[in-house]
Amino acid sequence: MYVSPIREPLIKGNKTYSQITKDIAAPIEGKPGKAWYMGISLSLSAMFLGLAMMGWTIWEGIGTWGLNRTIGWGWGITNFVWWVGIGHAGTFISAILLLFRQKWRTSINRSAEAMTIFAVLCAGLFPLIHMGRPLLAFFVFPYPNTRDLWVNFNSPLLWDVFAISTYLLVSLLFWYMGLIPDIGTMRDRVKSKAKKFIYGLLSFGWTGSVKHWQRHEKLSLILAGLAAPLVLSVHSIVSADFATSIIPGWHTTIFPPYFVAGAIFSGFAMVLTLLIVTRKVLNLENYITLAHIESMNKIIIATGSIVGIAYLTELFISWYSGVEYEQYAFLNRAAGPYWWAYAIMMTCNVISPQLLWFRKLRRNLVFTFILSIFINIGMWFERFVIIVTSLHRDYLPSSWSMYKPTLVEVGIFVGTLGLFFTCFLLFIRAFPVIAIAEVKTVVKSSGEKEIKNETL
Amino acid sequence: MRRYISAYFTDEQNLLRATKDLRDQELSIQDVLTPFPVHGLDHALGYKRSNLPAVAFVCGAIGLVLAFGFQTWAFVVDYPLFIGGKPHFAIPAFIPITFEVTVLFAAFGMATAFFISSKLGPGANNVIHDERITDDRFVIIVDLDEDGNHEATIKSILEKEDAKNIQVKEIEK
Chain A
1 MYVSPIREPL IKGNKTYSQI TKDIAAPIEG KPGKAWYMGI SLSLSAMFLG LAMMGWTIWE
61 GIGTWGLNRT IGWGWGITNF VWWVGIGHAG TFISAILLLF RQKWRTSINR SAEAMTIFAV
121 LCAGLFPLIH MGRPLLAFFV FPYPNTRDLW VNFNSPLLWD VFAISTYLLV SLLFWYMGLI
181 PDIGTMRDRV KSKAKKFIYG LLSFGWTGSV KHWQRHEKLS LILAGLAAPL VLSVHSIVSA
241 DFATSIIPGW HTTIFPPYFV AGAIFSGFAM VLTLLIVTRK VLNLENYITL AHIESMNKII
301 IATGSIVGIA YLTELFISWY SGVEYEQYAF LNRAAGPYWW AYAIMMTCNV ISPQLLWFRK
361 LRRNLVFTFI LSIFINIGMW FERFVIIVTS LHRDYLPSSW SMYKPTLVEV GIFVGTLGLF
421 FTCFLLFIRA FPVIAIAEVK TVVKSSGEKE IKNETL
Chain B
1 MRRYISAYFT DEQNLLRATK DLRDQELSIQ DVLTPFPVHG LDHALGYKRS NLPAVAFVCG
61 AIGLVLAFGF QTWAFVVDYP LFIGGKPHFA IPAFIPITFE VTVLFAAFGM ATAFFISSKL
121 GPGANNVIHD ERITDDRFVI IVDLDEDGNH EATIKSILEK EDAKNIQVKE IEK
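Chains as they are written, first to last, in full-length UniProt numbering: chain A, 1 to 456; chain B, 1 to 173.
The following block holds chain B by itself, in its conformation from the complex:
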């Protein structure tokens, strides 16, 4: 049996303060759900910076090497043909395609990484906690242990910040 408290806020500033207070008390926050990106919330939750830029860089580099390498191989090794007076290894002429393929690989590599790491995709079966989250409600979900040791502390922090609909829920593990 796993227990948690969920509550919703109508103002993102209250949510931010509540998150900070909960984190100060070293309580484990399972998730915070918001209708739009609230800046500073990821920081307050102690999330690390995303690795997506690194993924984009690596994928882009792969695209670059593939595109430039392929053009070079095709025109220098496989079928060296003089066209328009350009040399076989025509670096400037290879740049446009190299650039486009780099961008293509970086963009799609990064997007794929985003979907995989966030467990999003067509047919993804994620729990929708509250249908108003995508409208105007900010929901916080705080983990509870089985004995309910911190229940009172959590509730008091949430209430202090004007949280509504504070509920204790249980789910089978």
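Just chain A, same shape as in the assembly:
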């Protein structure tokens, strides 16, 4: 096998196959530490706060939110788009990087895919609550109802229903398919009978037969081929929710690529936020190395720059269009009452990632962690700016208005953060956070091991 003299090894510490299994299974087999208990108590409290606020919203009605007749979409849709975007890095890492044969993905794909699923779950909650009567949510599906009406297939909001549900199901399938061999590993390692039974059931009777591996690899590759355009389609469709309207500031053809780049940008930021902590707490520094962090940071510069260019293009096009409403909308974004939101967005998304051009900063964990949180905040504000600033000054000055979230809305958002982290913390206790079998396939080609020269 060829070993590059220039590149760093993907996995450090000269690991044997057995050590890899042991290291990655250790967090599941051992007792959780203090940090885990603290994390889960915090996220569970946040989650219950969110649940209470959701309950209150459903009980009292959408009047508990700060929405008004001008701004019908506020934090709800901002959070929805933000969470969907965060989900995109997982599929990007597992699907697009698999197709591009990027071997560094193997250390991070499992946790990123898990993150995708949890993020899409959080996202899905918002349209559901915003309906006001979530029990009637099945109205969005095309079913033969008593009035012989069909859902509106021409509406981007219905495309969203199909896109998000497909995305959730396919991501779940992709994640679980990758998990099966590793659940098999856990089944063969755990001692207690109950655990053995549960892992045995979940492993689907995996034996490790070559025929199964052959099919499994083919399956993963084609699922990746299917999921890659899905990543692009889902956020394009989300952007179409806005772009097909006639509101100034939304009605732009740049939205689909710009939203997709933004989604991958924010998703990678969240992966970094999670993994920088995870690798430290679970002692996985040899598997998620500085080289992995650096590679992700490179994707952040690329996507962040695309987002930056998109902002500037929007400004240019609004001026060049000669449409006064468009020109006003963008001037108002930068200099209107919500100028501070626009400033946060620009600082966090356009200026701060440019610091990653310096190699030293790309490989600095503390800096990367802080920056990743900056980007999470910046991308949230991007959605806020797009939604609220466009709505609060529409064609009719008589309907101009301002928007301020209520505590209920803030609570629901905090609640979804709690839900997300609760799911992630439970996940790291139940399943291997790194794809054990996949890491083993890259370890021989990763340098530090002695490579046999015999040809086959």
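Keep in mind that a hint or two might mislead.
Cβ-Cβ distance ranges computed for the label pairs, FRET-style [to be verified]:
#1 A:70 to B:116: 49 to 59 Å
#2 A:147 to B:85: 44 to 54 Å
#3 A:354 to B:62: 27 to 37 Å
#4 B:141 to A:229: 37 to 47 Å
#5 A:34 to B:86: 20 to 30 Å
Not everything, but these chain A residues come out facing chain B in the computed CB check (under 7 Å) [as the list claims (entries may be wrong)]:
#6 21
#7 150
#8 207
#9 217
#10 237
#11 441
Simulated from the structure, these hints should not be mistaken for laboratory data.
The beta-carbon is built from N, C-alpha and C at its ideal position, and this holds for glycine as well.
The hints should help you fit chain B onto chain A, whose structure is shown.
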């Protein structure tokens, strides 16, 4: 009575060479079990390419026809209603849902085919030969006839490639 030899390897390169030698001698290999996909092993064992891509294509095509057909039927035949100035047969507006349903059908069709053809699924009762297979052992299982004609040849090939724990096992048919 069915007899077979099982042995384990600690290095996948030895396993690959042993597999090739056994196949050259036209000995029947029942199964090879590995902790991770070893590339080239399926080729060495003479396995054909998997048909899963074809299954995915067919399932995807079914999803495509269903989704596009359903939208067309609903908006052209069953309840033609003008919405947003779009024509009844609004092809571009039907594409997103058609695409999503195509992907959904292809993905789940292929996964189902994988489970059925590999006899995997919740509650599947497959024999686990050795618990270390999912850790770091590569196990090869070679069929023997009742007279044990090839036993010596098989053992010598396995030993040459540093196989450990070579065992002859018998199971009732």
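Evaluation of the provided hints:
1. A:70 to B:116: 49 to 59 Å: 55 Å, holds
2. A:147 to B:85: 44 to 54 Å: Violated, at about 23 Å.
3. A:354 to B:62: 27 to 37 Å: 48 Å Cβ-Cβ, so the 27 to 37 Å window is violated.
4. B:141 to A:229: 37 to 47 Å: 41 Å, holds
5. A:34 to B:86: 20 to 30 Å: 59 Å, violated
6. 21: 5 Å, holds
7. 150: 4 Å, holds
8. 207: Given a least distance of 5 Å, the restraint on residue 207 of chain A holds.
9. 217: Check passed: Cβ of residue 217 of chain A comes within 5 Å of chain B, closer than 7 Å.
10. 237: 5 Å, holds
11. 441: Check passed: Cβ of residue 441 of chain A comes within 5 Å of chain B, closer than 7 Å.
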